[in-house]
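Once you have looked at the hints, place chain B on chain A.
Protein chains: 2
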Amino acid sequence: MKRTAFFISDGTGITAEALGNSLLAQFGSIRFEKVTLPYIDNIEKAVEVVDKINLIAEQDGQRPILFDTVVDEAIREVISTCVAYKIDVFSAFLKPLELELGSHSSYSVGKSHAINEVNRYMDRIESVNFAIDNDDGARTVQYDRADIILTGVSRCGKTPSCLYMALQFGVRAANYPLTDCDLNSAELPETLRPYKDKLYGLTIDPFQLASIRHERRANSRYASLDQCEDEVRIVERMYRQEQLPCINTTHFSIEEIATRIMAEMGLERRLNL
Amino acid sequence: MKRTAFFISDGTGITAEALGNSLLAQFGSIRFEKVTLPYIDNIEKAVEVVDKINLIAEQDGQRPILFDTVVDEAIREVISTCVAYKIDVFSAFLKPLELELGSHSSYSVGKSHAINEVNRYMDRIESVNFAIDNDDGARTVQYDRADIILTGVSRCGKTPSCLYMALQFGVRAANYPLTDCDLNSAELPETLRPYKDKLYGLTIDPFQLASIRHERRANSRYASLDQCEDEVRIVERMYRQEQLPCINTTHFSIEEIATRIMAEMGLERRLNL
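First to last, the protein sequences are chains A and B.
Counting from 1, position 253 in the first sequence corresponds to residue 253 in this note's numbering; the numbering is continuous, with no gaps.
Counting from 1, position 37 in the second sequence corresponds to residue 37 in this note's numbering; the numbering is continuous, with no gaps.
Next comes chain A alone, as it looks inside the complex (with noise of 0.2 Å):
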């Protein structure tokens, strides 16, 4: 069975695919077609997606599901009108918040996304680079101003787990790969004894590592299942000796690793929401 499941807004729509995915996630047996249509910002514009989602409806035979953000009464009315079953977000919410502040809201769109501030821009952009720059342990100098460092093998998470803090949390956070030079013993390598306390380390089945690395560089000895096994052994070795922090990320996706360690550590974001 399929239902088509539709995202609007008039701003980018990350609320209202948000909001959808964490409720259809809900229904595992359903299989849904996703659709995000952003900045459906004028009438012509909501007539088409009236048209396409009741074009849908018939060629589904069922209602489309409509996850609907959009601001602008004059586009709501216009999209109100398709066929679909509607969860409008602001209608449910918007009115009782505005009770319970005793203010009204202003229904403009994209005010979420702090336009034109630029001190947040640069935050982002600097927490960017700082990520980008001490990317896979080229350079340790700039380890004083880190948040964070995460440590783990190669392919086990950091460098995405690193840009997601960064760009979504503006935390400045390094990362450390440990190689077969640094585990010929599980002690902590001497370049990161003095960073201990930001120290947080990843690890990960050897399955799923030497899957990962057979797409970077297949049938190596660097992806083979008993070089994976060797280093995930000594690593975890080495995180418990030395009682470090850590998580296992193979079964997590890189928001969940990066909110639980920002959650561990107790890392504030540098960017305000």
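Do not take every clue at face value.
As the list claims (entries may be wrong) - No farther apart than 20 Å at their CA atoms in a straight line, the calculated lysine to any residue pairs in the SDA-like style are these:
| hint | chain 1 | residue 1 | chain 2 | residue 2 |
| --- | --- | --- | --- | --- |
| 1 | B | Lys95 | A | Tyr85 |
| 2 | B | Lys95 | A | Thr4 |
| 3 | A | Lys34 | B | Ser105 |
Don't read these hints as lab results, they were simulated from the structure.
No experiment lies behind these values; they were computed from the predicted model shown.
Same frame as chain A, now just chain B:
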């Protein structure tokens, strides 16, 4: 006037935050103190949250606003005892959705973040690596594989936009900086010519550019307003002359830049939602 807003979840809290921020942004006159509490996944933590919220309510002299995407029934029940004004996302929408879909929801946490979807994880890592490998025009040999190539002067937002597209959409985004040697004329650099269909230009207000560059290299020619004005003038002429699609990043967040480019270029995500 200050109100505290809590975003509470037994998962990452990303949905509660996205929804809460969108709604609160409609009340520009009120200053919100925002607190995200992710991974509230047992009764003990839930009790702590209730204490915390009630304490803040006393301190503020006003009840906080609570955005709640906790799935677990027992935890929800505990949290519902706090004094906050509650916006309970799952209560509001999950029951009606069950009726519409003719299916029971599984009420389980974290389903939205594709657990154990190794392929999805690898696609993201692959795209992040692509963005890093092809950052700043360092190499152009992989441009054949790029889904999109952002261009523009130094510090106009290319790198964070590419990384955001990689992480969020799994898109392979390269970027090529237009430097002094490219800007002797308003013609497209030779290197880029074969990839014109994939090119997208960024531009920016020269004042903001100067201020961003100043952070990087204070009082340099590079950061001077004169230099920034010259560069921006030439690239904008180039975009017009070559009829490149482009965006002025000055008033946009990275999310907005990335989602607008995706929409305008009709780029397909490589990540399934």
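Original post:
Which numbered hints turn out to be false for this structure?
Top reply: none
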